[in-house]
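> Okay, here's what each chain looks like letter by letter:
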Amino acid sequence: MLEDKEILTMYHFEGKEDYAFNLIMRKYSDRLYRHIIKMVQNHDDADDILQNTFIKVWRYLPDFREDSKLFTWLYRIATNETLTFLKKESVKRFFMLSSAKVTSTHQAYSDPFFNGDQIQFKLQKAIKRLPPKQRAVFNLKYFEDLKYEEIAEILGGTVGSLKASYHHAYTKIEQFLKEND
Amino acid sequence: MNLNNEHLKKDPYLVPQSYTDSLEERVRASLHKEESKRSSNILMRLKPALMLALMFGLIGSLGYIASNITDKYIRESNPAEEDIFVLIEEGYLKSSFIYSYYDDIDVQMSLEQSMENNLEDEKINELLELTMAPQELLYYIEHEDKHNGYEY
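Going down the list, the sequences are from chains A and B. Residues in the first sequence are numbered from 1 upward in steps of one, following my numbering. Residues in the second sequence are numbered from 1001 upward in steps of one, following my numbering.
Chain A with its partners taken away, still in its complex shape (with noise of 0.2 Å):
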């Protein structure tokens, strides 16, 4: 697989537009399909989320400027997108009350694409507790194992903002974890 950039020489100054947009596509999509999947945890939510990404990503790919790398570039859209969706569904769920569809953890399990044991599951339940931008920083953190710095270009805020939110959530968690157990 080619390093980005190479393939943003290929887009930029080569004129192959389109072959270089599959390959980012190719060689982040998994990446960025795990990331929005565990915060949304729902199949059908983080596929949707993941077209609405790429869609944004060739729409500015023009613009991107090589300020950061590609890869927290993508993941700032990703994390964007999955944020959006979140917040929407909240709306939602406060003003169609009964109707409202919920996405539970209970779902997750059930989901083909779960592949996890009970007690990965009770791991799920508790971080679907933490609120949106918390649990992003969780999961860029705990499953990623991402620098903090790195977390804060795809997120935005400061070292010591992220450090101080993932604390919380660990602890919040390990809490959920203890009294479920």
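Just to be clear, a hint being listed does not mean it is correct.
Keeping only pairs whose Cα atoms sit at most 25 Å apart, straight-line, the calculated SDA-like set for lysine to any residue is [stated by the list, open to error]:
| id | chain 1 | residue 1 | chain 2 | residue 2 |
| --- | --- | --- | --- | --- |
| 1 | A | Lys-147 | A | His-168 |
| 2 | B | Lys-1037 | A | Tyr-60 |
| 3 | A | Lys-133 | B | Leu-1008 |
FYI, nobody ran anything at the bench for these hints, they're computed from the structure.
Given chain A's structure and the hints, the job is docking chain B onto it.
Same frame as chain A, but now just chain B:
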């Protein structure tokens, strides 16, 4: 349960098989749909403005053509009228002349009477040339001295 357990850090979700292939096709289809929607949107937005511009252009052209036709018609049917208005503007004719004009009083005589005491002969002749046919002008010049008491 310890969160530091490495088993818990494993990703519990599977990426569906051939997901990337189908994703590429669907993204391309969405992009294509969006682009055709955008171009038809641009056309839809421009259409009213274009129609308005076309209508204004058409009305303007019709107005210009109509004005040209009526102008030509007026010139052809009343050539002397324009000259009369020139004289009025230049102050050589009194406004009462306009009313006498429409009462079919002898225009030529009225014109002469208005100008006689205010203008030199040369100027009077110049102005008469504007309103008289050549034969009429010749007749006037020949008989001018008679009007003024002179004889050839």
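> Is the hinted pair Lys-133(A) and Leu-1008(B) satisfied, with a Cα-Cα distance of at most 25 Å?
21 Å, holds
> Are the Cα positions of Lys-1037(B) and Tyr-60(A) separated by 25 Å at most?
Answer holds: Lys-1037(B) to Tyr-60(A) is near 18 Å, not above 25 Å.
> Checking one constraint from the list: CA of Lys-147(A) to CA of His-168(A), max 25 Å. Satisfied?
Within the cut-off at roughly 17 Å; holds.
When each numbered hint is compared with the structure, no violation occurs for any of them.
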